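Engineer: Now for the letters of each chain:
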Amino acid sequence: MQYELKTQVIEPQRSTFTAIEKRYGDKPASRYLEGIIDVQPKENFHYRPTWDPQREIYDDTFSLFRLTDPYSYLDPRQYYYAPYVTARAGHHEAFATSLSYIEDRGLLERLPDGWKSVLTELVVPLRHLESGGQLILCGMARFGFGATITQAAAYSAFDRVGNAQVLSRAGIALGGGTADLLGEAKEHWMEDASLQGLRKLTEETIVESDWGVALLQLDAVDQLLYDLLYRHLDDEAVVAGAPAYSLISQHMASWFADNRKWIDALYKAWRADEQLGDTNAALLEEHGQRAVDRALEAVTPFAARIDELIGVGAVDCVNAKAAEVRSAHAAEQA
Amino acid sequence: MSDQTETKAARDVGVVIQESENNRPVIEAIEQDNPACTISHSPGLVRITAPQRIVITQETVEEKLGREWETHEFQMAIVSYFGNIQEWDDDEIVIAWDH
Chain A
1 MQYELKTQVI
11 EPQRSTFTAI
21 EKRYGDKPAS
31 RYLEGIIDVQ
41 PKENFHYRPT
51 WDPQREIYDD
61 TFSLFRLTDP
71 YSYLDPRQYY
81 YAPYVTARAG
91 HHEAFATSLS
101 YIEDRGLLER
111 LPDGWKSVLT
121 ELVVPLRHLE
131 SGGQLILCGM
141 ARFGFGATIT
151 QAAAYSAFDR
161 VGNAQVLSRA
171 GIALGGGTAD
181 LLGEAKEHWM
191 EDASLQGLRK
201 LTEETIVESD
211 WGVALLQLDA
221 VDQLLYDLLY
231 RHLDDEAVVA
241 GAPAYSLISQ
251 HMASWFADNR
261 KWIDALYKAW
271 RADEQLGDTN
281 AALLEEHGQR
291 AVDRALEAVT
301 PFAARIDELI
311 GVGAVDCVNA
321 KAAEVRSAHA
331 AEQA
Chain B
1 MSDQTETKAA
11 RDVGVVIQES
21 ENNRPVIEAI
31 EQDNPACTIS
41 HSPGLVRITA
51 PQRIVITQET
61 VEEKLGREWE
71 THEFQMAIVS
81 YFGNIQEWDD
91 DEIVIAWDH
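Chains as they are written, first to last, in the working numbering: chain A, 1 to 334; chain B, 1 to 99.
Please keep in mind that the hints were generated in silico from the structure rather than gathered at the bench. Keep in mind that the hints are not guaranteed to be accurate.
No more than 30 Å apart at the CA atoms, straight line, and that leaves these computed lysine-lysine pairs for DSSO-like [as the list claims (entries may be wrong)]: (1) A:K27 with B:K64; (2) A:K6 with A:K22; (3) A:K261 with B:K64; (4) B:K64 with A:K22; (5) A:K6 with B:K64; (6) A:K261 with A:K42; (7) A:K116 with B:K64; (8) A:K6 with A:K27.
This one's a predicted model, so the numbers in the text were calculated from it and none came from an experiment.
Construct the entire structure; sequences and hints are all you get.
Structural biologist: Right, here's the structure in full:
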């Protein structure tokens, strides 16, 4: 007896959800698109919020920065829950490996004195800044409009908790497994003149009601600080014989590179909007410049303190970066 | 003789790719870079054919995938192909008939 093997193809009734079919056609869509497109609630809001009766509970006028179609913005990393969690779990595991290497070799104890002070007095206290960043991004996740934007903001907010943890763990390792240094770091954050500019700016950004402006402000501070601490200082650490610093900073640097992707894409989407692009570009220039000015003012005393401790041209580095960010906000307008 | 060369010149090349969440952006990238290609679905597999030549570009795949992609990862996606692999570089893979 002979059998004939045949494949029988059963065409699916539809390849994807209606909302996605409308935008991209009836073909299988990625998990990212299926989970995010047109998720933002837009209608059937029963009551306006008592704290702001001019607006709906979800409203695209919570920021000056608007998109005609919020879903013209997509997170280039296409993070939804699973890939995001996997990526970050890998990231933190890698950090734990570096940290245990640092501890095994006693690298932190062997840091040159100036570098130890930089870590305890300036870098570890920044966990409070990261914490502030979490609040700012949570605010954006709440008041932003368009699920692709708010999702990216929410993940970035979680990242901030992770960054604060990375700094805390470095602080705990530096304190010989105790939280003493973290307590001291809090005092530095509250008292030191070199950190007050940053603390003030963080707190002001937390209460900024326009999430777009708040993002620009946080981003401006990040660009100056991360460039200074985890690129410029990393280079210097290699020369100065502070490998522990380098090992820690590589993780912050790689996170920053990843985080930039969604923010840059958002700026790009704002500029590229067919109807609102010019308005957005003008707003980006105006608020971007202002954000950089304020960030520079806040970071300069911080950088000056680094120069006092180890003399690595930190202030010059920050000034150069500020000029670069400022022109990036303006130049792309053309 | 000349007839034969003409048929050879117009011969199709193609790849068969396993259809999965990870490979879908790769398929989309091939679709975009090779406008002349035809795509047929069968359960679990996608067969892409094009006259003479198919190019898979790293840049396009990365853009669709949203992460870095190295061309050797293509081996994980591919089930079969027909044609010769003319190039397998860091930035692109070209499948075409040599003669």
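Engineer: Work down the list of hints and note, for each, if the structure agrees.
Structural biologist: Quick rundown of the hints versus the structure:
no. : hint              : in the structure
1   : A:K27 with B:K64  : holds (15 Å)
2   : A:K6 with A:K22   : violated (34 Å)
3   : A:K261 with B:K64 : holds (14 Å)
4   : B:K64 with A:K22  : holds (19 Å)
5   : A:K6 with B:K64   : violated (34 Å)
6   : A:K261 with A:K42 : holds (27 Å)
7   : A:K116 with B:K64 : violated (44 Å)
8   : A:K6 with A:K27   : holds (25 Å)
Checked against the numbered hints above, the structure breaks hints 2, 5, 7 and satisfies the rest.
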